[in-house]
Each structure stands twice: as C-alpha cells, then as structure tokens.
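Since chain A is already given, all that's left is putting chain B on it; use the hints.
So the chains spell out like this:
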Amino acid sequence: MEILLAIILGGAFGFVLHRIGATNPTRLIDMLRLSDLKLEKVILFSIGLTMIAIFAINTVVPGAVHFSIRAAYWGTFVGGLIFGVGFALAALCPGTGVAALGEGRLDAVVYVIGGLVGTLLIALSWGWLTSTPLFQLVSDLGPKVTLADGVVRHGHVMPAIFDSVPGIVVALVFGGALIALAFILPQKLREK
Amino acid sequence: MYPKGEWNWLKGGLAMAAVAIAAFLLVKPIGVSTQFAVLDTMIWKAVDPDIYTVEEKNGKRVYHSPNPYINKSHGAYAKAADNPVNYGFIFVLAMIGGAFLSVLTGGPKPEGKDKMAPEGFRRYFGDRPLLRYAMAFIGGVLTLYGARLAGGCTSGHMISGISQTAVSSLLFAAGVFATAIPLAILIYRKRGGQ
Chain A
1 MEILLAIILG GAFGFVLHRI GATNPTRLID MLRLSDLKLE KVILFSIGLT MIAIFAINTV
61 VPGAVHFSIR AAYWGTFVGG LIFGVGFALA ALCPGTGVAA LGEGRLDAVV YVIGGLVGTL
121 LIALSWGWLT STPLFQLVSD LGPKVTLADG VVRHGHVMPA IFDSVPGIVV ALVFGGALIA
181 LAFILPQKLR EK
Chain B
1 MYPKGEWNWL KGGLAMAAVA IAAFLLVKPI GVSTQFAVLD TMIWKAVDPD IYTVEEKNGK
61 RVYHSPNPYI NKSHGAYAKA ADNPVNYGFI FVLAMIGGAF LSVLTGGPKP EGKDKMAPEG
121 FRRYFGDRPL LRYAMAFIGG VLTLYGARLA GGCTSGHMIS GISQTAVSSL LFAAGVFATA
181 IPLAILIYRK RGGQ
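Going down the list, the protein sequences come from chains A and B. Per our numbering, the very first residue in the first sequence carries number 1; after that it's consecutive. Per our numbering, the very first residue in the second sequence carries number 1; after that it's consecutive.
Watch out, some of these pointers could steer you wrong.
In silico lysine to aspartate or glutamate, DMTMM-like type, Cα no more than 25 Å apart, as pairs [said to hold, decoys possible]: (1) B:K115 / A:E2; (2) A:K192 / B:E111; (3) B:K79 / A:E2; (4) B:K28 / A:E2; (5) B:K72 / B:E56; (6) B:K4 / A:D163; (7) A:K192 / B:E119; (8) B:K60 / A:E2; (9) B:K72 / A:D140.
To spell it out: a stretch of chain A is covered by chain B in this simulated footprint if at least three of its residues, at any positions, have a beta carbon under 8 Å from a beta carbon of chain B; those stretches are [as the list claims (entries may be wrong)]: (10) 66-73; (11) 96-104; (12) 136-144.
Since the hints were derived computationally from the structure, they do not count as laboratory data. It should be emphasised that the depicted structure is a prediction, and the values quoted were computed from it without experimental measurement. Glycine included, every Cβ here is placed at the ideal spot set by N, Cα and C.
Okay, chain A solo, but in the shape it has when bound (with noise of 0.2 Å):
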C-alpha cells in the first residue's frame, strides 16, 4: 500500500514539478535573477496554501496530519549557503534535476552524477563536520523549533515560538502573507 503511494505521490509530485516548468533550468535562472518571477510566485503560493490547509486540518482532527520538523543548528544555514552557490552554477536542485530525467535532460543526468559526488563527500567530512560549531543549536528553545504551536509527532508537541496563540492563527497570518505576495509581485524584476 505505501509503495503504491509512493509511486502515486512521486509520480505527481513529477508530474507538477515538470508541468510548471520547474524541470526547466532557464525557468530556474530567470527566477534567481530575477527576471521571471513565474516560479516565485508558484512556491509562495503553495506554500502559503499547503500551511493554511495543514494547520487547520491539524485544528479540525488532531493527529491527521504528518508533521515532520528538521532540527534548526547552524549548519542548515550555511548548508543553505553552500546550496545557494550550487544552485546558480547549476540552476536545478534535487528534486528537478531528478525530475528533469525524465524529460530527457542530459545536463541533468550530469547534475545528478554530481549530486552522488556532493553526498559521498558529506559522507566522507561527516566525523569532522560534527566536531565543528556547525551543530550547535539556533535555538534555547530545542532542536525541532516551530513558528506556529500545535505540531505534534509520535505524541510530543514541538516548542513553538509564538506557543501564545492558537496555531492556525500563525499559519493564517504567516500563509496569508505568502499567498498575498505571490498575487502582489510583479511578472518580473529585472530584464532578461
């Protein structure tokens, strides 16, 4: 049954992914500079959407939604840094490179080869990289930190930042925000 779904949510996952022509490198340039804000405004919305419908649902019947929070040390903002550079040289990241296979892609397939080089060195730096301050935590408050309250996985509840207000009000507020900026932002910044 989950490899049924698995290859159901995969497929459409793809599907979309290459649909909105995010599969498409010149898509990806033109949205990190600027010039096309196609992509921008799809992510903003739905993400925006994707949280609004989470948290509610989370309200509605607690326990339906899989939540899955990564913990937050400081390594994931300078491997966000480090993505950052890659993903420019390279204008695919890893789940439209992998997508982009099956459109025929060849600088993909190139893309996903040093993909497999990129994870053997983390593999091979991981004993060193965990002796650096790069492991520390962001937050005072625990690993798994949350904006909005009311996440729950295998019965723990995970510290929130705003825990002060009911969650579906941040999701609301912080969703909405996202929702409305995907609308509000012009076709494009900058000129090709």
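Positioned in the frame of chain A, the structure of chain B alone reads:
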C-alpha cells in the same frame, strides 16, 4: 522562449499544494535529497562490501557502518539501501516517470540543443554544452553537499519545512537565496560579442 504546454502560476501552485497536502495526510512530507544518500550507499556497498554490516538482534535487523554519516540515525541509509523498495526511494524514482508522463500528455518538451544546454544558459554563454555540463556537475556537488549538511533541500526544507513553519527550514531558505540570487545575477549577465 519557453516551450508550450506549461501551466500558469496559479494552476501550478494549486496542483503543487494538492500534492504536498496529500503527502502530509497520507504518508509523510515530501523530500528528495535523502535518497541521494541512499543511492550513494547502494553504490558504495557494491564497491566496498564492508561499508555496512547487518546483524540479527532479537529478531530485528540492526545496521552498522564504519562511516559516521551512514551509521547515523541507527544506520537509516544502510537500511534503506538494503531494502530499495521503500517509500522514499520509490517516491523519487516515480518522480522521473511523472515528468515523463507530463511530456507524453502535452506538457512542455525540450528540443535538441535545449536538452544539452538550455536556452537560458545559451542566452548568456552561447552554444557551449561542455561549459554547461561543468557548471551542472559542480552545482550538483555543491547543492547536495549543502542540502545534506542542512538536512534537506528545496523539497524537504522549503515546500515541506516552511509549510510546517519550521525554524530550520526558514534558516535554510534564507541561506539559499542569500547566495543564489546575487550569484545568478552575476553569472548570467550579457557578455559583449555574444
């Protein structure tokens, strides 16, 4: 410019949210970059059989690796590599099929040159597929190194993580755009004579 057949942003955003919400409700949040570690472990095992070992303990299979990365989280990558028909790995393989299905059913289709060096690259660098491959390779190394250091990529941290209002994912996104946008503006600019 762009090939025909793309959805507009609103339709695309609705479809993307529908997939993300379905994943949250049915199994677990969408993620991709972990599977690079799983595939790496499979390849590593074929080259070096000692990269992980399996031990039966009280009827359970326990995985150990001399490599601290593959050994972390109770040898989760080794376990997944040992059982390739698992949710996360099949999900990522199915993504390739999903994109192929989109091509077959009227989605955008890259033509000839665009499959080697896309139009957006040629616009600034000209017809140089080898340079494109070099940049795609180095970009692949750096994005996966960064994603695995951060514990997720654009899928796991941004779509799934920010939707859950995770602080870690907001930090990751801030890092990504702090370098990606200025660097892209610097790299992809009009060059004289081309």
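Hint check results:
{"no.": "1", "hint": "B:K115 / A:E2", "in the structure": "34 Å, violated"}
{"no.": "2", "hint": "A:K192 / B:E111", "in the structure": "21 Å, holds"}
{"no.": "3", "hint": "B:K79 / A:E2", "in the structure": "17 Å, holds"}
{"no.": "4", "hint": "B:K28 / A:E2", "in the structure": "11 Å, holds"}
{"no.": "5", "hint": "B:K72 / B:E56", "in the structure": "18 Å, holds"}
{"no.": "6", "hint": "B:K4 / A:D163", "in the structure": "47 Å, violated"}
{"no.": "7", "hint": "A:K192 / B:E119", "in the structure": "12 Å, holds"}
{"no.": "8", "hint": "B:K60 / A:E2", "in the structure": "21 Å, holds"}
{"no.": "9", "hint": "B:K72 / A:D140", "in the structure": "24 Å, holds"}
{"no.": "10", "hint": "66-73", "in the structure": "holds (count 8)"}
{"no.": "11", "hint": "96-104", "in the structure": "holds (count 9)"}
{"no.": "12", "hint": "136-144", "in the structure": "holds (count 3)"}
Against the hints set out earlier in the document, violations occur for numbers 1 and 6.
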